[in-house]
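So the sequences go chain by chain: A and B. First residue of the first sequence: 1, per this note's numbering; consecutive thereafter. First residue of the second sequence: 10001, per this note's numbering; consecutive thereafter.
Keep in mind the hints are simulated off the structure, nothing from the lab.
Per the computed footprint, the stretches of chain B lying under chain A, defined by three or more beta-carbons under 8 Å from a beta-carbon of chain A, are:
id: 1; segment: 10620 to 10633
id: 2; segment: 10687 to 10700
id: 3; segment: 10754 to 10760
id: 4; segment: 10859 to 10873
id: 5; segment: 10961 to 10970
Now the stretches of chain A that chain B is said to cover, found in silico as 3 or more residues with beta-carbon under 8 Å:
id: 6; segment: 30 to 39
id: 7; segment: 55 to 65
id: 8; segment: 90 to 98
id: 9; segment: 116 to 124
id: 10; segment: 289 to 297
id: 11; segment: 512 to 524
id: 12; segment: 540 to 546
Residues of chain A clear of chain B, computed beta-carbon distances all greater than 10 Å:
id: 13; residue: P128
id: 14; residue: G129
id: 15; residue: T139
id: 16; residue: G162
id: 17; residue: L203
id: 18; residue: Y229
id: 19; residue: D230
id: 20; residue: N251
id: 21; residue: R253
id: 22; residue: T338
id: 23; residue: K390
id: 24; residue: V464
id: 25; residue: V474
id: 26; residue: A476
All C-beta atoms, glycine included, are put in the ideal place defined by N, C-alpha and C.
So the chains spell out like this:
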Amino acid sequence: MKSYKNILTIIAAGSVLFTACKDDKFLKEDLKDRLSVESAYKNKAQFDGLSATFYKDLQLLYSAADGPHEAWVLGLGTDVCFDPRDNSAKYNNWGLVNSIETYSADFFNLQYDIIKIANVLIDAANKPGVLWVNEAEKTSTLAEGRFFRGFAYRNLANAYGGVPLVTEPVNEPKVDYQRASREECWTFAKADLEYARTYLPLLATVNGRVARAAADHFLAEVNISLKDYDGAIAAATRVINGTDGAYALVNARFGARNTTAALDVNKDYYYDLFAMGNQLRQTGNTEGLLIAQFEVGPTGAVIPGGTITFNRPLIERMMWSQPWALIKAGYPNVASDTSGRGVAFVRQTNYTNYTIWKNSGTDIRNNEINIKRKFYFGPTVAASTGFKPKDLIPKSFLTSRDDTMLYVFPNWAKFGTDKHINAVPDNGYVRDFYVARLPETYFLRAEAYLAKGDRASAAADLNVVRARAKAAPVAAGDVTIDYILDERARELYGEEFRMLTLARLGLVYDRTRRFGYETSAASVSANNNLLPIPQTAIDRNVGFKIINNPGY
Amino acid sequence: MKNRLIYSCSSMLRTGKIVLTAFVLLLLCAVSQVSSAAVNHAPITITGKVTDNTGLALIGVSIRSSAGPAATTDSKGSYTLRTEDNATLTFSYIGYANQEVKVNGRTTINVQLLENASQLNDVVVVGYGTQKRKDVTGAVTSIRLEDSPKATVPFVNALEAIQGTSGINVGPSTSAGASPNIVVRGQNSINANSSPLIVLDGVIFNGSINEINMNDIASYDILKDASAAAIYGSRSANGVVLITTKRGRTEKPSINFSSYYGIQSATRIPEMRTGEDFLQWRRDNLSIRGQDISDITKVLSPLELKSYNEGHYIDWLDEVMQYAPIQNYQLSVSGRTDKTNYYFSGGLLDQKGILYNDKFKKPNFTIKLENNITDWLSFGANGYYSSQDFSGASPGLYMATYSSPLGYKYVEGTNDQLLQRYPSGNTSLYNPFWGNNTSLTQGFYDDNLEKSNNIRGTGFINVKVPFIPGLNYRFDVTGARKNSTDAYFHHEGGEVNTLIPSDIANPNQFLSRASGYMATAAENSWLINSLLSYTRSFGKHNIDVLAGYTRDNYNYQRLRADASDFSRAGTTELGYNALYLGVTQTIPVQSSTNTIINEYQNVGYIGRINYNYAQKYYATLNIRRDGNSAFAEDHKFGWFPGGSIAWAISEEDFLKKSSFVNYLKVRASYGKTGNQGINPYATQAVSSGGFVVFGTTSTPYSNPSTLANKTLSWEKTVALNLGVDFSLFGERLSGNVDVYKSKTTDQLLTRFVPIFTGYNSVNANLGEVQNKGIELTLRSVNMKTAGGFTWESGYSFWLNRNKLVHLTGLDVNNDGKEDDDVANSLFIGKSLGANYDYTVDGIVQSTDTEYMNKYRSLTGTQIFFPGDLKIRDLNGDGAITPDDRSVISYAKENFNMNLSNTFSYKNFQLFFSINGIFGGGKNNFFSSTNLRGLSPNGSTLSSANWLNKEYWMPGRESQTTVRPNYNNSYGYGFYQSRTFARLQNASLSYNFPKSVLEKLKVTNLKVFVSGTNLFTATGWTGLDPANGAQIGGNGGSSNTSVNTSQPLMRTVSFGVNLGL
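Just chain A, same shape as in the assembly (with noise of 0.2 Å):
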């Protein structure tokens, strides 16, 4: 019988203690290794993590994808370069443009992950229970969350036209986007970059974060979009009249190349801003005004964050040619520190290379420094061709194609250098980008004065940038906004956001019409001034059939 009660007690002891403790704490969920949204923004260090997401997506432009990729949002397939590996490639043939195409897409995607980003911090920073050391703590983040939702919104209303404008952070899935107006996106815009160039600091503690400038400048090219001539050329002015901080144009040597070593001494101001370890602030460079920021170690170590694709920005892999491939001229199909390893998916037309330098003169942006044009033959050129080691590789060498398409075209200084890191052509150029640099200030105040007719203004803002590079000045009665343009060829080739640009004017069917490579000249469509809305928004979108723009 003692036996029969001991049974009952292990019976009693084992449902007993197992149920007696409750489920309902068993069953808790405790997040232990990550913050959870609703706690994970609550003082000021905590947002500068969450704005530093900002600069990752901006690091994205330049190191998202191998390809012609990169050179999207910097006009591929316009008038200023084109994809000369295949004369059938999408943008070389505008009837590929479609909305399944992937280029436009990642930009497009890019964006609404800004604006989230944008949209959580606005709403968090003006929750209560954050510890904000004085109101300019809080407002100069908010500044920054604000800069960048107006970046992103004034992106995507330059190429898309009118796209759904999400102004609060989401947190339940919706599925009924509609698409606002341009217009409306663009005023949405201007109001997030009216507050931040209020309250945006005039230089940031931190290396590379966004300054009021940067505001101004974008400020002043929505406000021309919204045909508020007065107010670009009020925000273009605080930018360059030194009211939102001391920014001038580079008119002397600075930084890293400024040595009397033999590569360096040779070369000049123009080429400093594109050195390696020159584009911010404390390096003496006063153009910069948002900087996508890449970084390796010395000896090409990683660092954190420093790099995303390939370990570098793919630029100088994208939009140089590559010369050390031409083994007819003895170069040994092995790139090297001086030359670079230039791949060509990308190629200037020939309106960039030849077109807008006719007659420059004096021009230093088209030196030979900044823009090498003359190759020379590799150690091991073949005796049969008549040429020797280090001859100039004449025109009449280059007979294929490919010759000129792929192996020899113009090398511009701003994509590449001679000198890489650890002597590691493929891996070594790892530079900063402009994502807005001063110059193009000037050109969007000249802008603004040539729509209100005040030409003479115009030429004096252009002059200031010619001045610097040492070009003859253009008399007012020249200005036209297709002066303004080429000068942005000139100046800003490869940096501005030319299919922005181009597709903000309306001129992205006319100046590819005109300007563009032969098969993108050929194929483009009046249609195409304004680029796709991605299928998977719309697919995805199952709550609201959005339209698409006209002819996609």
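The hints should help you fit chain B onto chain A, whose structure is shown.
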């Protein structure tokens, strides 16, 4: 140590071969010595006890002596019989196999009878208990592995052995030690986990399936219908696979040794271009892009040209594959006494994959012990240990398929010591052995470590409550721990560009780019079951009641440390073991592969009543209430009821005497099951991040990475099953037919959301999916001759149809029907796995001017060119737009079939099974995208190689394949049918006869030759159709639409089983 073990094992194998030869000779002698001795013997009295294999006394067993007398066992299973001392006794009992025992002068003969081959009396493991096969009312499929012909097939993984069972689709496993995926009765869930629940020896198994030792497995029982599975509640919607390991079976300790040695090779190897075919391909590929091919130096790189002039071609696929043996050794000791049942085993599996350096090693131990302390109290413990080693990286198959056959594997003049990083001189085509550090594959200069060990133990007590007969209480606790370490190191040598002599001369210059990491992870889990059961018969009423409570907890924790830049250390020879030497050391931010903590908990309440009347009328009711921590607050609990009824018609008087019908039962069941297949924390919005740089300073960033769903809960499946079990013609033909229909609601769906949200997807409970299907299993004894020849067949057929009934409920286009969700590829009224794409009418030919002129851009620019896909303007609006897409095929199969045959003649047994998965039909089932196999531009590089098949070129216009530079601007998927039939398993075994065994003093000895995946018939272009793997398998490309699974392996093995 490793080598010694292999040596001793293989020498054992060699001994086996010698012994085999000796046995054959002995056999011949033995046969000739058979003679009958006619000597008179005195009668003796024999006593003994007859039990079944679980030790239960068998009452009423008839015992007949060859000399005449007979007896039956009493209520304790005992008998007494007086007969000659040289007689032979025959024990027979319904449902059990007859057994003959020679008296040989003994006065005590205890016998254990084994259940009959007829499956009706097999014990079936159901959730939290067992039942006899004929008492089962749900759709339960049992597969006995122990003693079956399949036991000799070289399965590596516990799930491979159940392939060919109706209703169960087992995917292939492709690399050494890999685990297949498995789906029971079609896909219920759109996104959530669709793997069945695995239960090992009665305890829910959370680990990796390859921790279970194949050789220990006695049987599988698969709960397919909702009623049977509902006892496992929230985790049972995808079916439940119960795995039972071996136990001691005889009083005499049984020592078993088994081993096999096999050779593996790829089932299918794509034929790439070589020789002049390759040169033609390269020329075409360049010229069609408008590039200059006027001179061979413009077509080939200098290294390629040199190689071409020397006639030197590399077969890269052959280079990256290796001789791939598999060896398995297993030693077990088992037995039983009145009080104790024990089973100990130890084994070693050593497998090489077919790709160079792919290897896997797994030693394992199992201990099972059960002891009866008194007649009412017993306890036991099971312990399982295994360790696994996957270390070592394999060359990329991607580069092996796309590399130019021209070039050099090694740098010239290094005596084949230094690999050439870019064999053809093209830096986009790296040596497959070298790997590619910046992207996806590891190589010669990379170290890879991947090791784990697992220990799992269950302890239980069983109490038979004496004052209430039939009341039983069981309490068990299981604990498991898995420790794993993985590490990676990229040495400076991997950065050398072997085309540059100064790089080769001084690899140390790249020390700053060496990097590595090491991570350790610990997985701890525990589970308790507290079960009270009551089994009793009242006259013809039999009842069996179960009530229980269960609770489990799982915890996973991983810590990873990274280091890079070893320039200051001056060396990397210590690799990942000395990460502290790196200049930069970091602990990466939280992500699913880095530093992580994951936890979840479950609680469950279980109840079940089984009732039958005279084993004719059956009813079962069960219910489970489950709670899971991963679901949202207030949505954590769910109810899962189930019920079934059955009628054994053959037990009715009107059929009992039928010689035609031996057994016939009809069943019906209905139940609700759940799927909790989401990861923990899915209901929370979390922040995650990485690093970015300001100036030169690394800074962590963090942002909201997931969209929370605060109401996320179970996915529920309600299913109806109707079934018939039958056995006909004196048990010559038996089988089951089941039809079922299920409805799954509140789908746990990872749903793509508009990019405007800033998020890609969200976890949702949404929509409804219906499955219906039919399953047929037949077993027949086709031939059984007096001469000892038997031929048995098994046939199974299963077909499942899937339909999405509801999704969002939105009707934006106002057509009165719910809208499809194109972005998620979900279509109302259609099957899951829909391929939504353009309709293609072959290839645009140069003569198709009407087509090319009709579809132009708005400015009249030509869009379609000869050699393009000819896309159909489905809606006839005069333009090719996304609106011309439609559902053109499905990834789901049409139906499955399996046919197995076993031929036995005397001591020989031949077994083989043929498996087929069929597609086609009007819906184009079982189609998969095959971008690389069907589009020559699938590899994107004009310098890459491709398949040796036709493609479109001017003047050689193909009707089937696009031009080499077709840029696929419509993103077409290039679909192909994966239908295949395969000689899946085969085995030929020989059991040595008793006379030989007696001379050798062993109880059994069997030798066998067997194989898996022996022959495949298919039209698929690429690797294996079973996994839809394309050429360029195992990665190497960022194209996520490409199935880059590895090749499947064919195995042929030779083995031996020896029992003492």
